[in-house]
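So for the sequence shown, this note's numbering puts the first residue at 321; every next one is plus one.
These are calculated hints, taken from the structure and not from any lab test. The C-beta atom is built at its ideal place from N, Cα and C for all residues, glycine as well. Check before you lean on any hint, since a few could be wrong.
[Said to hold, decoys possible] The calculated lysine-lysine pairs, modelled on DSBU-like cross-linking and capped at a C-alpha distance of 30 Å, are:
(1) K464 x K561
(2) K415 x K454
(3) K454 x K404
(4) K397 x K454
(5) K404 x K436
(6) K454 x K395
(7) K415 x K573
(8) K573 x K454
(9) K573 x K561
(10) K395 x K436
(11) K464 x K454
(12) K397 x K415
(13) K436 x K415
(14) K572 x K454
(15) K464 x K573
(16) K464 x K415
[Claimed, not checked] Label pairs and their computed distance ranges (CB to CB):
(17) G607 x Q389: 35 to 43 Å
(18) E414 x G607: 32 to 40 Å
(19) Q389 x D610: 35 to 43 Å
(20) E519 x D587: 17 to 25 Å
(21) S494 x Y622: 53 to 61 Å
(22) K573 x E519: 35 to 43 Å
(23) G508 x S432: 14 to 22 Å
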Amino acid sequence: MKSKWAPKTTYDLVAEKMGDGHGKLDRWTINDLLAGVRGSEKGLCSYGEVLSTCMGLINQSATARPMIQEAMSQKWKIALFDLKGGDYWIDVEEKLVLLDSNTLTPSALDRSVYFKNMIIVTLIKALRDIWQEKRHGGFDENYKAEHVMTLERVRAADCDVLSLIVAWELRSGSYGDLWRHLIGSENGDMAMAFSSYLERNPAGQFNGQAAAAAFRQWFRCETRVNTCDHNTLEYLDDVMKETQDQNPFGMKKATPTGIEILSCLPDRTAYLQGQGSEILADPLYCGMEDPINQSHLFHILYDLEATIVENVPFRDARLARRIFPSLESSATARESSKAE
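Between the sequences and the hints, there should be enough to build the whole structure, so can you do that?
This is how it looks when you write it as structure tokens:
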């Protein structure tokens, strides 16, 4: 789950912890993490030291290195924080990434191979999300609500695919633990799809076909798809709450080219090249089976078309003005104030 969708700022998060003595949020630049962060003055391990170890390992991947360099040039900072189960939180305005500490102390994280690998995987996905954020921003600004759903699915699947690509590169290098961690994780089916394709066709690592196989596998897990849809729907709700516009979303529709561009790797390989049309037409990628998410989406689409006055929905805005004349007068007042 991407915690960046929650309607809070970093300040809100930290303020909630003030009473628990967590008011100060230590954060580190990527440059500092790559240079190496020492422990505290008392000789104890710090979160910065844990992050420095993780970043150093990720930097050994040829695919991850350009993403790290770009995030470093944009002066992004990273911190560990108790997100209560969320993968990571991206604050675009502050250029800050919060990773979930799983309520563990720095020394406990440093000793635990499992949780350290979890942080590495999450950090890879966050770096990919930063990479995508620079190029595409928020989909809600340009696309219709129903098309935002599809694009967010593709983006979430892509982040998981990138974690597999980087882990495989590290497996071939000096750190095989991360790949074993992924095989035993909730994305183990994707890891098996990736490696199985490479067993049949080793060239799939370089032409993107193994990544495409893992991408398809992402959509075969209902839990992953439903969780992504739920988070996106919550985000769309937040967008609608924060604006007075009847329809705050864009008018564009997802295109095959737009889908394929989302799969571009730092080496400019688009592992979904030629598959954009299939993704937009195949129910495996675009279908919504969960009845709760279906109902949620229909309510959002209904609210976008309806004019709500005094908690009464109207399909026809003119009818709403006839029944509630104050609506027209208030609209006229707003227009005159803008003119002044």
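To see whether the hints hold, each was checked on the structure:
1. K464 x K561: Holds, because 17 Å separates the two Cα atoms, which is no more than 30 Å.
2. K415 x K454: Given that 30 Å is the threshold and the Cα spacing comes to 11 Å, the pair holds.
3. K454 x K404: holds, 27 Å
4. K397 x K454: holds, 15 Å
5. K404 x K436: holds, 17 Å
6. K454 x K395: holds, 13 Å
7. K415 x K573: holds, 29 Å
8. K573 x K454: Since the Cα atoms of K573 and K454 sit roughly 20 Å apart, the hinted pair holds (cutoff 30 Å).
9. K573 x K561: Answer holds: K573 to K561 is near 23 Å, not above 30 Å.
10. K395 x K436: holds, 24 Å
11. K464 x K454: holds, 20 Å
12. K397 x K415: It holds: about 6 Å lies between the C-alpha atoms, which stays within 30 Å.
13. K436 x K415: Given that 30 Å is the threshold and the Cα spacing comes to 23 Å, the pair holds.
14. K572 x K454: Holds: K572 and K454 sit about 19 Å apart, inside 30 Å.
15. K464 x K573: holds, 6 Å
16. K464 x K415: holds, 27 Å
17. G607 x Q389: 35 to 43 Å: With Cβ atoms ~38 Å apart, the hint holds.
18. E414 x G607: 32 to 40 Å: holds, 37 Å
19. Q389 x D610: 35 to 43 Å: Cβ of Q389 to Cβ of D610: about 39 Å, so the range 35 to 43 Å holds.
20. E519 x D587: 17 to 25 Å: holds, 23 Å
21. S494 x Y622: 53 to 61 Å: holds, 54 Å
22. K573 x E519: 35 to 43 Å: Once the Cβ atoms are compared, 38 Å apart, the range 35 to 43 Å for E519 and K573 holds.
23. G508 x S432: 14 to 22 Å: For G508 and S432 the Cβ distance comes to about 19 Å; the hint holds.
Checked against the numbered hints above, the structure breaks none of them.
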